[in-house]
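J.: Sequence:
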Amino acid sequence: MGLIEQQVSDFVGKVQTAGKRLADFSRSVTERESEILQGVKQLSGLLDKHDHLAKEERGSMKKLLGDSLSHYQNLLQAWARLVEERIEGKEFINQFEKSVILAVFGTVNAGKSTMGNFIAGVPFVESPVQAPAPVPAFYVYDFSESSKDRGERPLAENRFKENIVQETSTIQYFTLENGLTWVDTPGIHSLDQEYEDLAKKYVNYADLILFVVSSSSPGKADEIAELERLTQKEKQLLVAITKSDLIESDVVDGKEVKRVVPKSIHDRQAQEQYVDGLIRSKGIDRNLKDRKFISLSSRLAKLALMEQDEERFRQSGYPALYEQIGGVLTEHALELKTDRPRREMNALIHEMMDGYEWNGKRIDGIRDIGKSFQGISEEIQQKVELLRRMHTDLFLEVRMNKEARIESELTSLGYRFDGGEAIGSEQITKVMEKELLEELNRLIPIKLGKVLADFEHVQLSSLPLFIDASFAGTYREFAYTEYTTSETTRDPRGIIERFQSFFLDKKFTELKVREMKKIKQMRIGNNLSAVMEQVFDQVEQQLEPFVKAIMEELIEAYFYEQRNTLNEVQQALKQFADKLQTLTYQKGEVRDEQLIHSH
Numbered sequence: 001m002g003l004i005e006q007q008v009s010d011f012v013g014k015v016q017t018a019g020k021r022l023a024d025f026s027r028s029v030t031e032r033e034s035e036i037l038q039g040v041k042q043l044s045g046l047l048d049k050h051d052h053l054a055k056e057e058r059g060s061m062k063k064l065l066g067d068s069l070s071h072y073q074n075l076l077q078a079w080a081r082l083v084e085e086r087i088e089g090k091e092f093i094n095q096f097e098k099s100v101i102l103a104v105f106g107t108v109n110a111g112k113s114t115m116g117n118f119i120a121g122v123p124f125v126e127s128p129v130q131a132p133a134p135v136p137a138f139y140v141y142d143f144s145e146s147s148k149d150r151g152e153r154p155l156a157e158n159r160f161k162e163n164i165v166q167e168t169s170t171i172q173y174f175t176l177e178n179g180l181t182w183v184d185t186p187g188i189h190s191l192d193q194e195y196e197d198l199a200k201k202y203v204n205y206a207d208l209i210l211f212v213v214s215s216s217s218p219g220k221a222d223e224i225a226e227l228e229r230l231t232q233k234e235k236q237l238l239v240a241i242t243k244s245d246l247i248e249s250d251v252v253d254g255k256e257v258k259r260v261v262p263k264s265i266h267d268r269q270a271q272e273q274y275v276d277g278l279i280r281s282k283g284i285d286r287n288l289k290d291r292k293f294i295s296l297s298s299r300l301a302k303l304a305l306m307e308q309d310e311e312r313f314r315q316s317g318y319p320a321l322y323e324q325i326g327g328v329l330t331e332h333a334l335e336l337k338t339d340r341p342r343r344e345m346n347a348l349i350h351e352m353m354d355g356y357e358w359n360g361k362r363i364d365g366i367r368d369i370g371k372s373f374q375g376i377s378e379e380i381q382q383k384v385e386l387l388r389r390m391h392t393d394l395f396l397e398v399r400m401n402k403e404a405r406i407e408s409e410l411t412s413l414g415y416r417f418d419g420g421e422a423i424g425s426e427q428i429t430k431v432m433e434k435e436l437l438e439e440l441n442r443l444i445p446i447k448l449g450k451v452l453a454d455f456e457h458v459q460l461s462s463l464p465l466f467i468d469a470s471f472a473g474t475y476r477e478f479a480y481t482e483y484t485t486s487e488t489t490r491d492p493r494g495i496i497e498r499f500q501s502f503f504l505d506k507k508f509t510e511l512k513v514r515e516m517k518k519i520k521q522m523r524i525g526n527n528l529s530a531v532m533e534q535v536f537d538q539v540e541q542q543l544e545p546f547v548k549a550i551m552e553e554l555i556e557a558y559f560y561e562q563r564n565t566l567n568e569v570q571q572a573l574k575q576f577a578d579k580l581q582t583l584t585y586q587k588g589e590v591r592d593e594q595l596i597h598s599h
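In the UniProt record's numbering, the protein residues as written are 1 to 599.
Hints in this document: simulated from the structure, not taken from any laboratory.
Incorrect hints may appear among the rest.
What the hints assert, rightly or not - Below are the EDC-like pairs computed for lysine to aspartate or glutamate, each with C-alpha atoms no more than 20 Å apart in a straight line: (1) Lys289 - Glu307; (2) Lys574 - Glu152; (3) Lys200 - Glu152; (4) Lys49 - Glu568.
Stated by the list, open to error - Label-pair restraints from in silico Cβ distances: (5) Ala23 - Gln581: 23 to 31 Å; (6) Gln273 - Lys361: 57 to 65 Å; (7) Ala557 - Ser70: 22 to 30 Å; (8) Ser70 - Asn401: 58 to 66 Å; (9) Gln581 - Ala78: 19 to 27 Å; (10) Gln382 - Lys361: 37 to 45 Å.
A quick note: this is a predicted structure, and the numbers were derived from the prediction, not measured.
We put the beta carbon where it would ideally sit given N, CA and C, even for glycine.
With the sequences and hints as input, model every part of the structure.
T.: Rendered as structure tokens:
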């Protein structure tokens, strides 16, 4: 590879690298915006299925939740519109940020078109020097009312027309290897409004302004005035003084031979210093970030290609032009090129996170929305804790309210027992279940209705209660003496009884009284007091956990949808916030396609 090919190839290589990096960056911007829009739409869709909550009874927790969801649903839809508008309005702006913009200005016949064709590689097609890249497509903006193809269209010749002597009022451009867009414009002052607006955009986004003047009369008044209009913003300026060559005549073998030679170094420096002096005299230099000058000869460059003359190519000034343009293709320059889109993307993410102004109204950000839903969650949790503490009060109130009634019912059972009816656990349990269910069904709506505005209680039909108690009689012991008599034989007493006993064999008897101490039990009533004590002890053991379980079931039934909805929304908000953080551009992040695709 010759030196000319190497120099051109190095330049095109820089353009290709810049094109790839900017393409990667442009894709990352598009993907970020797409992911943000997708995330917002997912959040908005997530809330759609809960809009029935907004139709609940006014003042209820479900209504409160529904109103909040409806409010934030509208907010997220507004966000979706904002992101969509940014994407729709971003495409034309992206055109200027997808490549390095080199805006070329100059008067007619200054050599702009020839320079542009050379950078695009047009002269290489007809030369023995191999071009490192194909000639790009050339385009022109046509905003004239008479044109059928109004707008952007390809140039039929696929090159800029050279040696035009009449001022044109069109903007033409090409993009080399997706990295460098060369924009040829006749100047802002010579354009219609639409052309002027487009030209100003190119100037605004230009990474380098190339101002072309002819060596024959550099720095004319109208050129300096045009330059003054172009440099209202801090930009890099490269002034190219074209046609910096001379035609020398010589006699060779008796014949006059003409040849193109570069202007002397002294003459080139003098013309560059002259233009610089004019710029400084007008104060234009104060508006410039940087300014450089270069003397060029396209005639020398074309001859150098045809003759593969490396020295003549150097003298043409094009290697220096490649170097100057390459200065805006560096990594640092690309960071500056992508700085505005990165800042805008980060600003959008910041708005999404922390809120923003929209039509004079403050729109909450993800953090604010998260705090609002967290507040609703905390309010629900407070009510849950209140209901859980309420079960003890409810149990005690049921017992207190029914204590007299239960005692009366148990007394009635005692009378029935005293009347001879067997009264056991089954009968006692049935009475207790009836009384307790009645009071629970009365108190639960009253108690919970004070906490839950839209509470609807389903009547309890049974109570898992078993009272292990039964009625029995009560007895008292009485002590008494029992007397018994018995006839027993006795010895005869006196002479007569002894005579009768001896001679007549008469038997004599007597009555004997026996005394026996005994104890007798007598029924004096029933065990009502003991039954009552057993009943209330067992009610306390069984009813309190039952009431607690009822409250937990009611809490679960009442807050199930609210809790699930809030958990779902809060999780989605957190995931979206985390996603936004990962989509934030970090300092110096240009080549980040791997970062994007890894998410």
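J.: Take a quick look at whether Lys574 and Glu152 sit within 20 Å of each other, Cα to Cα.
T.: Judged against 20 Å, a Cα distance of about 45 Å means the pair is violated.
J.: Holds or violated: Lys200 and Glu152, Cα atoms, limit 20 Å.
T.: 17 Å, holds
J.: Just to be sure I understand the hint, the distance between the Cβ atoms of Gln382 and Lys361 should be within 37 to 45 Å; is that true here?
T.: With a Cβ separation near 31 Å, Gln382 and Lys361 fall outside 37 to 45 Å, so the hint is violated.
J.: So does Gln581 sit 19 to 27 Å from Ala78, Cβ to Cβ?
T.: 22 Å, holds
J.: Hinted pair, alpha-carbon criterion (20 Å max): Lys49, Glu568. Please report holds or violated.
T.: 12 Å, holds
J.: Tell me if the beta carbons of Gln273 and Lys361 are separated by a distance inside 57 to 65 Å.
T.: 58 Å, holds
J.: Against the range 22 to 30 Å, how does the distance between the Cβ atoms of Ala557 and Ser70 compare: consistent or not?
T.: Check passed, 24 Å falls within 22 to 30 Å.
J.: Between Lys289 and Glu307, is the straight-line Cα distance small enough, at 20 Å or below?
T.: Violated, because 39 Å separates the two Cα atoms, which is more than 20 Å.
J.: Confirm or reject the claim that Ala23 and Gln581 have a C-beta distance inside 23 to 31 Å.
T.: With a Cβ separation near 25 Å, Ala23 and Gln581 satisfy 23 to 31 Å, so the hint holds.
J.: Just tell me: holds or violated, for the beta carbon distance of Ser70 and Asn401 against 58 to 66 Å?
T.: 43 Å, violated
Figure legend: structure checked against the earlier numbered hints; hints not met, in rising order: 1, 2, 8 and 10.
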